[in-house]
Amino acid sequence: MAKPRDERRQLFTDPGFRGELARHSFVAGLAPSWDRLVCRMPQSVGTRAWQDRSVAEIAAVRGVAAVDAFCDLVLEDDLRAQWGVVLMNHDETAVAELLRHPAGLLALSDAGAHVDTLCDQGFTTYLLGHWVRDLGALGLAEAVRLLTSVPAERYGIRGRGRLAPGYAADLVLFDPARVATRPTEMVYDLPRGQRRLLQGADGVEWVFVNGVPVVERGAPAGRRPGRVLRGGG
Numbered sequence: 001m002a003k004p005r006d007e008r009r010q011l012f013t014d015p016g017f018r019g020e021l022a023r024h025s026f027v028a029g030l031a032p033s034w035d036r037l038v039c040r041m042p043q044s045v046g047t048r049a050w051q052d053r054s055v056a057e058i059a060a061v062r063g064v065a066a067v068d069a070f071c072d073l074v075l076e077d078d079l080r081a082q083w084g085v086v087l088m089n090h091d092e093t094a095v096a097e098l099l100r101h102p103a104g105l106l107a108l109s110d111a112g113a114h115v116d117t118l119c120d121q122g123f124t125t126y127l128l129g130h131w132v133r134d135l136g137a138l139g140l141a142e143a144v145r146l147l148t149s150v151p152a153e154r155y156g157i158r159g160r161g162r163l164a165p166g167y168a169a170d171l172v173l174f175d176p177a178r179v180a181t182r183p184t185e186m187v188y189d190l191p192r193g194q195r196r197l198l199q200g201a202d203g204v205e206w207v208f209v210n211g212v213p214v215v216e217r218g219a220p221a222g223r224r225p226g227r228v229l230r231g232g233g
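Read left to right, the sequence shown gives residues 1 to 233 (my numbering).
Source of the hints: derived by calculation from the structure; they are not laboratory data. The structure presented is a predicted model; accordingly, all values stated were derived computationally and were not measured. Watch out, some of these pointers could steer you wrong.
Quick list of in silico lysine to aspartate or glutamate cross-link-like pairs, EDC-like style, CA-CA up to 20 Å [to be verified]:
id, residue 1, residue 2
1, Lys-3, Glu-97
2, Lys-3, Glu-76
3, Lys-3, Asp-14
4, Lys-3, Glu-20
5, Lys-3, Asp-52
6, Lys-3, Asp-72
Label-pair ranges, simulated between beta-carbon atoms [unchecked claim]:
id, residue 1, residue 2, range
7, Arg-62, Phe-17, 27 to 37 Å
8, Gly-46, Ser-25, 43 to 53 Å
9, Gln-51, His-114, 18 to 28 Å
10, Asp-35, Asp-6, 58 to 68 Å
11, Arg-224, Ser-149, 22 to 32 Å
12, Ala-164, His-24, 19 to 29 Å
13, Gly-104, Lys-3, 16 to 26 Å
14, Met-186, Lys-3, 20 to 30 Å
Don't be surprised by glycine CBs; every beta carbon is placed ideally from N, CA and C.
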């Protein structure tokens, strides 16, 4: 929508636009429905209660059509909220089966692409909080193994992934009862003030990299003892 802000606001008030949006937004089999369009990072005080709620949920609470709930919330937040779309892995029963499959590997990489639109850096704490503690889909020890020794061995990262003599002292000390991924936020700390998404964590008390504490009592310590992993060894 490369239009001036006032024109965009006017567009969302137009009944004709809303009708077209309702008819053409979701094509069966090609795009998700309103129950998988989720409000992310609303900026105004009056809209923050809808953080991480789907349009379908918001519409049900407000007693309006989904398209009206969406357009109204866009206007109420002055076009500032971001919206997330759950494209895949929305069936938690199926995902739990994948997590437990012996051939599975937990991994994440987009090589730094589109850092202001996608952020899954909290998948480790989400696994420990949501899948282990809240749903019981995995045991705690197995989840830790999937996050540590399994990927280290699969990728050939020697001397990592285990607590053993001769291995690097990489440790994460967390509270299983509190560990969780915080809501996604936007920060502006890239060169020239460019933005990126960030996910913090709760319940992570200490993190050691190569034996050096980089998180102390839940707060960054300002140390960077890690090193870049190069291909071929």
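Structure-based check of each hint:
For the hint pairing Lys-3 with Glu-97, the CA-to-CA distance comes to about 45 Å; that exceeds 20 Å, so the pair is violated. Of the supplied pair hints, the one linking Lys-3 and Glu-76 holds, its CA atoms being roughly 18 Å apart against a limit of 20 Å. Restraint check for Lys-3 and Asp-14: the C-alpha separation of about 15 Å stays at or below 20 Å, so the hint holds. Taking the CA atoms of Lys-3 and Glu-20, the gap is about 18 Å. The hint holds against a cut of 20 Å.
Between Lys-3 and Asp-52 the alpha-carbon distance is near 27 Å, which puts this suggested pair outside the 20 Å criterion. At most 20 Å may separate the alpha-carbon atoms for a hinted pair to count; Lys-3 and Asp-72 meet this at roughly 19 Å. For the hinted restraint 27 to 37 Å between Arg-62 and Phe-17, the CB-CB distance of approximately 19 Å leaves it violated. Remark: the range hint 43 to 53 Å for Gly-46 to Ser-25 is contradicted by a beta-carbon distance near 25 Å.
About 21 Å separates the C-beta atoms of Gln-51 and His-114, a value consistent with the hinted range of 18 to 28 Å. For Asp-35 paired with Asp-6, a C-beta distance near 31 Å fails the hint of 58 to 68 Å. For Arg-224 and Ser-149, the hinted distance range of 22 to 32 Å is satisfied, since their beta carbons lie about 24 Å from each other. The hint said 19 to 29 Å for the Cβ distance between Ala-164 and His-24, and at roughly 57 Å that hint is violated.
A beta carbon spacing of about 45 Å between Gly-104 and Lys-3 contradicts the range 16 to 26 Å that was offered as a hint. Taking 20 to 30 Å as the suggested C-beta distance range, the pair Met-186 and Lys-3 conforms, at roughly 22 Å.
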